[in-house]
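2 protein chains.
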Amino acid sequence: MRNIKLEIAYLGTNYRGMQSQPCGSTIQDVLEEFLTQVCGEKVRISASGRTDAGVHALGQVISFKTNGNIPCPNILRVAESLLPADIAVLSAKEMPEEFHARFSAKSKEYTYKINTLSGPNPFLYDRCWLLGEKLNLAKMNEAAKLLIGEKDFVAFCSTGSDSISTIRRVYKAEFSQDGDMVIFDILANGFLYHMVRNLVWSLVQVGLGKRTVAEFQKELNSPRNAFLSSPAPAGGLYLRQVNYE
Amino acid sequence: MRNIKLEIAYLGTNYRGMQSQPCGSTIQDVLEEFLTQVCGEKVRISASGRTDAGVHALGQVISFKTNGNIPCPNILRVAESLLPADIAVLSAKEMPEEFHARFSAKSKEYTYKINTLSGPNPFLYDRCWLLGEKLNLAKMNEAAKLLIGEKDFVAFCSTGSDSISTIRRVYKAEFSQDGDMVIFDILANGFLYHMVRNLVWSLVQVGLGKRTVAEFQKELNSPRNAFLSSPAPAGGLYLRQVNYE
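Residue numbers (my numbering), protein chains in the order written: chain Y, 30 to 274; chain W, 30 to 274.
Derived by calculation from the structure, the hints in this document are not laboratory data. Just so you know, not all the hints are guaranteed correct.
For chains that are exact copies, the list does not tell them apart, and a pair is met inside one copy or across any two.
[Said to hold, decoys possible] With a cut-off of at most 20 Å between alpha-carbon atoms, the simulated SDA-like pairs for lysine to any residue come out as follows: (1) K94 to K201; (2) K174 to Q234; (3) K239 to L175; (4) K142 to L153; (5) K122 to G148; (6) K142 to A114; (7) K142 to F152; (8) K239 to L160; (9) K239 to S251; (10) K163 to G178; (11) K168 to V183; (12) K174 to F132; (13) K94 to A121; (14) K142 to V59; (15) K71 to Y222; (16) K239 to P262; (17) K168 to S75.
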């Protein structure tokens, strides 16, 4: 059997997330229907991880096994005509038997976008957090530095997670500015349920001056549900890249 | 009766255009429902002009008369909570009785965006023409210069128009480049049905080397339907600004 890896980009706005659900309308449903068609047999995919409803991907990775003999370059070409315009296949590659999109992943990078300009914006409402307030980047970066290293992130894991361990290693966590957009980049060996959006919400409180860096550090060392927080809006989150060996 | 002018921005993707239609789902329907609610009486709006299904606006202007006494700043505030996220009110202003969004307009500026990078793009598919080919900007600008002045644009008016005269005065028509995006800005005292999208389609043929500037000039002097052309995709077009006295 062939083992194929696809790199995928999608706008999450019109979907209920990556993973199949009883109510349908997921990225997985669309991809499996497409791949079943091009492979001539039922295809089930594995993704590097779930993304929630409304979350986007610039470089999601999926893998699947098939007896179908469509060449990889043809998958790309057919995808352009068969997939909806908000889902794209960026690359297709034959992999060794043992490769698995989720279990072989070594690290993942997410980007979160926050717009600081006030007022509604029909062109950005589903693509960033329309915060509309100025942020203190220096303070946010001071707090973000505390995330680096191997730590228990249980405080930033929403309930509903099925992770056994809540320990993750963060390699990079940094805010930068591009005009009115504040951009958060975080690279880690894995992420807990809602972890990036919960972190962004708390770090924005620091950036707004509603919370000190010391208070954020305390949160980081709290048990699950020790403090109240709503995850930052889904539309600001982008799965940028999944790294393998 | 009060006469109120609103400046509006919208993402056209999810609508059947500006003007009300029997099948619904237009920007006008949404705005009239909203204004009827805030004014406490049935409101009918006039727009500076129609935009087709999928066409966007950065600065559409509408006007309406009402006996309702809601202050203009409150319209803006209420709009943020009552309008869908893809339609925004940018400003609201009390006008003299004789002001009319359409009949008082002196000129309008449209922008058209063309992406030259190849491949699908889930984040741009409804916001530009995903052309995916390089364009010769110098040639396109040479052709675009031929549009300047008062001319009969009947050759670039799609059938279905209700305009009496097909003569318009173009003040500016210029291509510029921003990374992989080619941007066309056109300012005129008015536009015919599909005029910008038909012009862009023909000018892109020049940019691709499929048509010479001399051939474009011949097209410009043709009678209606003298040459075949499909309008450039709706999603690339933005009504940028409407100018009054």
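Within, between, both or neither: K142, V59 at alpha-carbon 20 Å: Intra 26 Å, inter 29 Å, cutoff 20 Å: neither.
Alpha-carbon proximity context of K142 and L153, limit 20 Å: Answer is both: 10 Å inside a copy and 17 Å across each meet the 20 Å cutoff.
Intra- versus inter-copy proximity for F152 and K142 (alpha-carbon distance at most 20 Å): Answer is both: 14 Å inside a copy and 14 Å across each meet the 20 Å cutoff.
Copy assignment of K71 with Y222, given that the CA separation must stay at most 20 Å: Close neither inside one copy (29 Å) nor across copies (48 Å); limit 20 Å.
Intra- versus inter-subunit Cα pairing at 20 Å for K94 with A121: within (13 Å within a copy, 58 Å between copies)
Intra- versus inter-subunit Cα pairing at 20 Å for K239 with L175: For K239 and L175, only the intra-copy Cα distance (18 Å) is at most 20 Å; the inter-copy one is 58 Å.
Copy assignment of K174 with F132, given that the CA separation must stay at most 20 Å: Close neither inside one copy (28 Å) nor across copies (58 Å); limit 20 Å.
Alpha-carbon proximity context of K168 and V183, limit 20 Å: Neither. Shortest intra-copy (23 Å) and inter-copy (60 Å) distances fail the 20 Å Cα cut-off.
Copy assignment of K239 with S251, given that the CA separation must stay at most 20 Å: Cα proximity of K239 and S251: one copy only (18 Å, versus 65 Å across).
Alpha-carbon proximity between K174 and Q234, which holds within one copy, between copies, both or neither at 20 Å: within (16 Å within a copy, 52 Å between copies)
Intra- versus inter-subunit Cα pairing at 20 Å for K163 with G178: Cα proximity of K163 and G178: none, with 29 Å in one copy and 45 Å across.
Intra/inter-copy verdict for K142 and A114 if alpha-carbon distance must be at most 20 Å: Classified as between; 17 Å across copies, 22 Å inside a copy.
In this structure, the earlier hints numbered 1, 10, 11, 12, 14, 15, 17 are contradicted, and the remaining ones agree with it.
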